[in-house]
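Protein chains in written order, with our numbering: chain R, 1 to 323; chain E, 1 to 323.
Note that these hints are calculated values from the structure, not bench results.
Incorrect hints may have been included.
All copies of an identical chain are treated as equivalent in the list; a pair is satisfied when it fits inside any one copy or across any two copies.
Quick list of in silico lysine to aspartate or glutamate cross-link-like pairs, EDC-like style, CA-CA up to 16 Å [to be verified]:
hint : residue 1 : residue 2
1    : 135       : 248
2    : 290       : 30
3    : 150       : 30
4    : 189       : 126
5    : 235       : 107
6    : 106       : 17
7    : 312       : 264
There are 2 protein chains.
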Amino acid sequence: MSKIFKNYPEIMDELEDVKKIMKKSIRSSEKYFDEAISPMINNGGKLLRPGFLVLSGKFGDYEKDRFNNLAAVIELLHMATLVHDDIIDESNLRRNTESIQSKYGKEYAVYTGDYLFSQCLIMLSEYDYDRENLKNISKVISKICLGEIKQFNFRYATNMNFRKYVRVASGKTAALFSLSLFVGAKESKCEESITKTFAKIGYNIGMAFQIIDDLLDYKGDNKSLGKEAQRDLIKGYYTLPLIFAINEDKNDGIKSILNKDMLDNNDIEKIIKLVNKYEGVKKARNVAKKYTFRAYDNIEKLPECKWKNVIKEIAKGLLERKY
Amino acid sequence: MSKIFKNYPEIMDELEDVKKIMKKSIRSSEKYFDEAISPMINNGGKLLRPGFLVLSGKFGDYEKDRFNNLAAVIELLHMATLVHDDIIDESNLRRNTESIQSKYGKEYAVYTGDYLFSQCLIMLSEYDYDRENLKNISKVISKICLGEIKQFNFRYATNMNFRKYVRVASGKTAALFSLSLFVGAKESKCEESITKTFAKIGYNIGMAFQIIDDLLDYKGDNKSLGKEAQRDLIKGYYTLPLIFAINEDKNDGIKSILNKDMLDNNDIEKIIKLVNKYEGVKKARNVAKKYTFRAYDNIEKLPECKWKNVIKEIAKGLLERKY
């Protein structure tokens, strides 16, 4: 279960309920769907997106069933994108368990993702949700697709730059964070200035989250040092620490390694050393800080209530996380 | 453009409009999506599903923009499933043009299908459609996934039988036909007995349609004789003509060929001959007739209007088609 929200029992209780709704929603006449999807739900992930929806919902009229169903939709949507991403990335592991594409094959993973999407739609039609929310949810799914496809198209591009990185991260990650906080606030009937502020908070936390995710790949503990960066490098995903290092590296040492047909362990080691030499991780962390500080500024604008500080603590925790 | 509706200019006009809406809806910042999807729209397919929605809509209050947008959603949903199916089937051709998975790769096809789904959601949130329709659309997407996955799981099963075949066809095809006629009638405010009748008509026409599709694979003109059946047999999709033939073939001649590790042209030829010997195609056609006659009976229950006979003519045309 989520570590992020562990100090907030009221949120944890809702998330337990959200998990139950998710488990119920995936049941079908096809026994393998349940078998395939259940481990992803049980091994949990951080449940950040539904947690954020619950949190912003607490700023207005929180109707338990209606909100937890919507929070479950947001997490299932996220899972649907993960299942499809694992096909593209040929990832074998997801949430510490074998990925669906690896265990059941790519064909099965295509349909499992589609099935998750369809269950989300069914759940959305079960309550009379705000139409603007439905529109926003649809638009964000579209943005996620576009973000993922951009990331795919930018692979192996040594002219990858900050602007392109932001476009990818904003589509594949920040959009859904932003949506989660927005939807919760909107559905709980917060006034427009508040829902808009939540959308900004979510965007900034989401951008920081993705940057930290990417820079952790270049750090890691001794055992896994560089393992993730290695995977990303081999797949041609060039993230912020590397982008900064390439910019500083006037001799094009990194580029010349990346331009090789195949990277071996020695190449990867050299790249990681150069990324550290040019302070790519430090520079990326500074950008994540900047986004988090922007989120803090937005959080200040929220009405006073006990949840205001909780959001700030969580943004801080996500910036400082080591996993 | 659709041949099926060519004698009905009022329907053709609406379908022209539906195509325009579809083309507009797929535009995005990702230039390849447009490039990838446009040929599928331009080369048209039969536009049966949106055509049916338009037709049943004509039985009540037809609001052009609202209806044609919904008809476009139904066709885009259908296209999304085709794009994903082509990944699973590794099909190289779709609507007489190279399939997306073949031209742009499987990765791209996964995201293109997802993008089409997301555009459908956006379009659905643009009008205040009947909530029961939204729920039904979601449930049918789920049924299509389950139908496709069943078909996938039943591959190479020589104990494939009529009951299992009906479950697959009903999920992957009849459900969307049924939905199209139902949604049009419901949205045009037809009374409940009529919308229910339309759902039945759609189901029966859809079942007949799928059976005819499958038996045409075993017929074809001289040039392509058996080509499609060959493809299906190699992929392990055993359809109704073959199922009937296996049942009649008491010596298990067909089964023993199917149980071989690899089928060569000679094997395929033998199977097709045996299917004809045991009158598999004829028997399958009789089942398609039975479904079409059931549709006729349901059509009789519709209120008198000029469109009533049109639906009957189209059901007849679909039963008798040779392509």
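Inset, instruction - Any hints from earlier that this structure breaks? Give me their numbers in increasing order, please. - result: 1, 2, 4, 6 and 7
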